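> Each chain, written out:
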Amino acid sequence: MGNFDGDSGTVFEQSYATTNGANGKLPNGNGAAIGSPSNGGLNLNHAEEPRGEAEPFLSQRKFSAPAYTEIRTRRCNANAAAEAKNRSPNYHPEKRSIANGHAKVLRDHEETQPNKVEGILSPEVEHSQKTSFEEVPLHTACLTYLGFYLLMILGYINQLLFVPKVATEKGREGYVTLYDAFESFYSRYVYRRIKDCWNRPICSVPGDELTLKDRVSDDYGWSFKFTGTETRCLNLGSYNYLGFAAATGPCADESEEKARNFGLAYCSSRCELGNNEQLQELESLTARYLGVEDAIVFGMGFATNALNLPSLLGPNCLVISDEKNHASIILGLRLSGATTKVFKHNNMRDLERVLRQGVCYGNPKNGGKPYKKVMILVEGIFSMEGSIVRLPEIIALKKKYKAYLYLDEAHSIGAMGSHGKGVTDYFNVDPKDVDILMGTFTKSFGSAGGYLAGTKKLIDFLRTNSHAHCYASSISPPIAQQIMTSMKTIMGEDGTEIGRRKIMQLARNTRYFRRRLAQLGVITYGHEDSPVVPMLVYLFSKIGAVVRTLTTRHIAVVGAGFPATPIMEGRIRFCLSAAHTKEQLDYALEAIDEIADDLGLKYSNKPRDPNPIIY
Amino acid sequence: MLDNLVEIASYWWFRYLMVTELYMVEKWERVTIHVIFMVLFCVFWYFNYSVLLSLAGLISPGAAMADILPEMSVASGLKVT
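As you go down the protein sequences, you meet chains A and B in turn. Going letter by letter, the first sequence gives residues 0 to 614 in numbering that gives the first Met the number 0. Going letter by letter, the second sequence gives residues 0 to 80 in numbering that gives the first Met the number 0.
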């Protein structure tokens, strides 16, 4: 459903409309939606046509930069020439018109097969059964460390022999260095080598497909040149969980109208002249959406955590934080000056141990007097692990020890639960049991910003005390409109079924993709219902090789390496979306299967499901 | 036949470069590391050849420890404490 030539918003509507009507037209409608070949081809040719003499040369090198030439694998070698001939600019040429098992088509088909553990075991055991954190094989761990040491040694040799090709400041004799030595060493001699896998510029809407702007590097990542060509890729990297990121459709139309009527900015903070009816409506809508009393919205998701935690917590408070919490939470905690204790990821026993110690022994810096507040800080879906918080157990613990609970639903809001209301909806717990609900509009809603929700008293307190409320300028009208329209769509207040369908589609895509990956034998982390799917590749060079090879197969993914993960656990992170169709996932899985064979990613020792996975 | 062998060899060479992270480094760095590897290998080989092999030769099924130790200390001039 190309954002390239068509529009995912309308396509969704149209195909759902046809689904409701007659079933006969479906495969056709779907096929047309997946980007017509002639259009894709034409556009690409068009992009290449008006270039001068030097540029065709650059465009030939699209995938022949030093980085790409080294991707030689057994299968690629054998039929590289044949493939190169057959490869069309569109990435799944022959499957376009095949009738398929897409949710839109298989309307009357039964639901996706449930997990075997469902309903048999207690909820806690079931949750841990569905969550997978497989141990790294010993030899891989050793090799990863060996490789890391080799990279370090080479980095030091390189630094010793050559002057790094970076900008240097003049006239700074006698000054102390402004930048951290190890960090710049790391980014110059480890990260730089596979830098082409990150910060890739895109030039389209990040819907189910996106267009990457090609670039090449002649000096191993020190500098990049644009080739002037573009690559259309299947997008498995954006956090566009419900597929609301689109340049057309009702969301975009209403946002445009809003921009025409109200401009783009209020140029003032909410406390001064930036408050308006729309934002208040957005806040009450958010509160209604989440099922709590009140909510407050901010213009930036990261700042929602980083700037509001200091207003809730102070030096004599105890915070018990999950070890995999996001950088924004950690920054907020540091700003607040509260005592922070970390518990093992999603480990309730460890949480209780830390909690009990904190409550029993009090604040040692204050002579063992009790802490003013105790707060548990967790995320709904952990973005690097793909795991889901064990919310019911945490709520039980929080009630037992009378601690507050702050739940960051950055990734889970919209993406989890049958109504898209996040993990509270997924676990069917009362959202009022969570003291502070936080989330972003950046991901599922396809917009920008963040919210905090809870009791009226809490929100009023934040309205007077939050730095982000008093000093940051208010949300831009079209952005707020995008949030409102998409939120109403999810809630079904626009009078259509689109929102519910999108949620179902995402859940279905997630289970299918995760199960197929498990069947391939690669190690994935996390809970089987979480749309963030990290695939473990462990080594740096494998991150680079996988991202590069998938790009040549027209799939855009994101790798995550050392600073974001432990040294040993490099991973590729797939983010699923309701905009993906079954064919697109199948295409991606096929490519991943091949690459996993070629690069040796099938580390898993788990028994594999021999039966075909039903979508 | 030969092509096949070359292909298999180059594939496993690629896999070897991959697990040692040499895949993502520059050519001269790769050569440097391989030289270091070769030097290490040679040193080990020499050590095994000169020290371990002579030690191993002394350990035969009939020989008791008492036979081995004084002989070795005499022969190689090592002081055994």
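Since the hints were derived computationally from the structure, they do not count as laboratory data. Heads up, a few of these hints could be off.
[Said to hold, decoys possible] Below, computed lysine-lysine pairings styled on DSS-like, alpha-carbon distance capped at 27 Å:
no., chain 1, residue 1, chain 2, residue 2
1, B, K26, A, K605
2, A, K431, A, K372
3, A, K164, B, K26
[As the list claims (entries may be wrong)] Here are the computed distance ranges between Cβ atoms for each label pair:
no., chain 1, residue 1, chain 2, residue 2, range
4, A, G170, B, R14, 10 to 20 Å
5, A, F184, B, F40, 53 to 63 Å
6, B, V42, A, E172, 22 to 32 Å
7, B, I7, A, A180, 29 to 39 Å
[As the list claims (entries may be wrong)] Anything over 10 Å on all C-beta distances counts as not near chain B; from chain A, calculated:
no., residue
8, P163
9, V165
10, K169
11, S203
12, Y238
13, F261
14, L263
15, E351
16, R352
17, G367
18, R515
19, K541
20, R552
21, D597
22, G599
Quick caveat: nothing in here was measured; it's all calculated off a predicted structure. Glycine included, each C-beta is placed from N, C-alpha and C at the ideal position.
> Against this structure, judge whether each hint is valid.
Here is what the structure says about each hint:
no.	hint	result
1	B:K26 with A:K605	violated, 38 Å
2	A:K431 with A:K372	holds, 19 Å
3	A:K164 with B:K26	holds, 18 Å
4	A:G170 with B:R14: 10 to 20 Å	violated, 49 Å
5	A:F184 with B:F40: 53 to 63 Å	violated, 29 Å
6	B:V42 with A:E172: 22 to 32 Å	violated, 44 Å
7	B:I7 with A:A180: 29 to 39 Å	violated, 44 Å
8	P163	holds, 13 Å
9	V165	holds, 16 Å
10	K169	holds, 28 Å
11	S203	holds, 29 Å
12	Y238	holds, 27 Å
13	F261	holds, 49 Å
14	L263	holds, 43 Å
15	E351	holds, 41 Å
16	R352	holds, 38 Å
17	G367	holds, 50 Å
18	R515	holds, 24 Å
19	K541	violated, 6 Å
20	R552	holds, 17 Å
21	D597	violated, 8 Å
22	G599	violated, 6 Å
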